[in-house]
Amino acid sequence: DTAVSQTPKYLVTQMGNDKSIKCEQNLGHDTMYWYKQDSKKFLKIMFSYNNKELIINETVPNRFSPKSPDKAHLNLHINSLELGDSAVYFCASTPRPGSSYNEQFFGPGTRLTVL
Amino acid sequence: AQSVTQPDIHITVSEGASLELRCNYSYGATPYLFWYVQSPGQGLQLLLKYFSGDTLVQGIKGFEAEFKRSQSSFNLRKPSVHWSDAAEYFCAVGPRTFSSNTGKLIFGQGTTLQVKP
Numbered sequence: 282d283t284a285v286s287q288t289p290k291y292l293v294t295q296m297g298n299d300k301s302i303k304c305e306q307n308l309g310h311d312t313m314y315w316y317k318q319d320s321k322k323f324l325k326i327m328f329s330y331n332n333k334e335l336i337i338n339e340t341v342p343n344r345f346s347p348k349s350p351d352k353a354h355l356n357l358h359i360n361s362l363e364l365g366d367s368a369v370y371f372c373a374s375t376p377r378p379g380s381s382y383n384e385q386f387f388g389p390g391t392r393l394t395v396l
Numbered sequence: 217a218q219s220v221t222q223p224d225i226h227i228t229v230s231e232g233a234s235l236e237l238r239c240n241y242s243y244g245a246t247p248y249l250f251w252y253v254q255s256p257g258q259g260l261q262l263l264l265k266y267f268s269g270d271t272l273v274q275g276i277k278g279f280e281a282e283f284k285r286s287q288s289s290f291n292l293r294k295p296s297v298h299w300s301d302a303a304e305y306f307c308a309v310g311p312r313t314f315s316s317n318t319g320k321l322i323f324g325q326g327t328t329l330q331v332k333p
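Residue numbers (our numbering), protein chains in the order written: chain Z, 282 to 396; chain G, 217 to 333.
Incorrect hints may have been included.
Result set (DSSO-like, lysine-lysine): computed pairs, CA atoms no more than 27 angstroms apart in a straight line [as the list claims (entries may be wrong)]:
(1) Z/K325 <-> Z/K290
(2) G/K265 <-> Z/K325
(3) G/K277 <-> Z/K322
(4) Z/K321 <-> G/K320
(5) Z/K300 <-> Z/K352
(6) G/K265 <-> Z/K321
(7) G/K332 <-> Z/K322
Incomplete in silico selection of chain G near chain Z, CB under 8 angstroms [unchecked claim]:
(8) A245
(9) P256
(10) Q325
Computed, partial: chain G to chain Z, Cβ under 7 angstroms [stated by the list, open to error]:
(11) G259
(12) L260
(13) L262
(14) K265
(15) E304
(16) K320
(17) F323
(18) G326
It should be emphasised that the hints constitute simulated quantities derived from the structure, not laboratory data.
For glycine and all other residues, C-beta sits at the position ideal for the given N, C-alpha and C.
Pulled out of the complex, with its shape left as it was, chain Z reads as follows:
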């Protein structure tokens, strides 16, 4: 009955590889997000999708490509991984931006280590 789930939990890979992280929410929310938490624990938004439409695209290298096959899923594909991509990536969801309940529900995170 997990609300927001991410796979995998840990991902260790070599520089230059391509990898994907998957996120699913079973809360019926319209909007999903990807955040990156760096080694200093600073959290920064990367992308957001509302009903499969991209609504936030922060200054993120185009090696990162989000994909939302439906409103319950938001995947993150990363091409040509670099050392600096090592971080914890969090997925989150919210019912609808601007509603009275703007709370975001977070997944457990995916720790990506690039060697």
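Got chain Z; can you put chain G on it based on the hints?
Just chain G now, with coordinates in the frame of chain Z:
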């Protein structure tokens, strides 16, 4: 520019002591305000939130926070800290109006709470 500042990077308190974690924000208008907690190796869990009304809000695990508009602050408090409260605490703000609202949250840099026995 929109920003959230948590002035204390690291705080250590004794178990049973009171706690206050500071949060100040800079935002165009009064935002929605949140406190999240992140236990080691875990995701973020919402402690409490302020949207409107009573400026003193109660949350889970015995936490409360007070919104002070004049000071642009939303400090988190707990009267008596338990060892299990050791974690990372994040203050965050988000927009109220849908016209500009993508639901984007801006987080502070976090405060690490250590609890001494």
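To see whether the hints hold, each was checked on the structure:
1. Of the supplied pair hints, the one linking Z/K325 and Z/K290 holds, its CA atoms being roughly 19 angstroms apart against a limit of 27 angstroms.
2. Distance restraint check for G/K265 and Z/K325: the Cα-Cα separation of roughly 19 angstroms lies within the 27 angstroms cut-off, and the hinted pair is therefore satisfied.
3. Restraint check: the Cα-Cα separation between G/K277 and Z/K322 comes to about 23 angstroms, which is no more than 27 angstroms; the hinted pair holds.
4. Between Z/K321 and G/K320 the CA atoms are separated by roughly 21 angstroms; this keeps the pair inside 27 angstroms, and the hint holds.
5. Annotation: proposed proximity of Z/K300 to Z/K352 holds, straight-line Cα distance about 21 angstroms (limit 27 angstroms).
6. Taking the CA atoms of G/K265 and Z/K321, the gap is near 24 angstroms; set against the 27 angstroms cutoff, the hint holds.
7. Simply put, G/K332 and Z/K322 have alpha-carbon atoms about 22 angstroms apart, close enough for the 27 angstroms limit, and the pair holds.
8. At about 13 angstroms, the closest approach between the beta carbon of G/A245 and any beta carbon in chain Z exceeds 8 angstroms, and the interface hint on this residue is violated.
9. Among the interface hints, the one on G/P256 is violated; its C-beta lies about 11 angstroms from the nearest C-beta in chain Z, farther than the 8 angstroms criterion.
10. Because the closest C-beta pair between G/Q325 and chain Z is about 5 angstroms apart, less than 8 angstroms, the hint holds.
11. With a least beta-carbon distance of about 4 angstroms to chain Z, the hint placing G/G259 at the interface is held under the 7 angstroms criterion.
12. Using the Cβ-Cβ criterion of 7 angstroms, the hint placing G/L260 at the interface with chain Z is satisfied: the shortest such distance is roughly 4 angstroms.
13. Annotation: G/L262 was flagged as interfacial toward chain Z, and the flag holds, the nearest CB pair being 6 angstroms apart, inside 7 angstroms.
14. Annotation: G/K265 was flagged as interfacial toward chain Z, and the flag holds, the nearest CB pair being 6 angstroms apart, inside 7 angstroms.
15. For G/E304, the shortest C-beta to C-beta distance to chain Z is roughly 6 angstroms, which falls under 7 angstroms, so the interface hint holds.
16. At about 6 angstroms, the closest approach between the beta carbon of G/K320 and any beta carbon in chain Z falls short of 7 angstroms, and the interface hint on this residue holds.
17. Hint on G/F323 holds. Least Cβ distance to chain Z is approximately 4 angstroms, under the 7 angstroms limit.
18. Checking G/G326 against chain Z by beta carbon gives a least distance of about 5 angstroms; that is within 7 angstroms, so the hint holds.
The structure fails to meet hints 8 and 9 from the earlier list, while all remaining hints are met.
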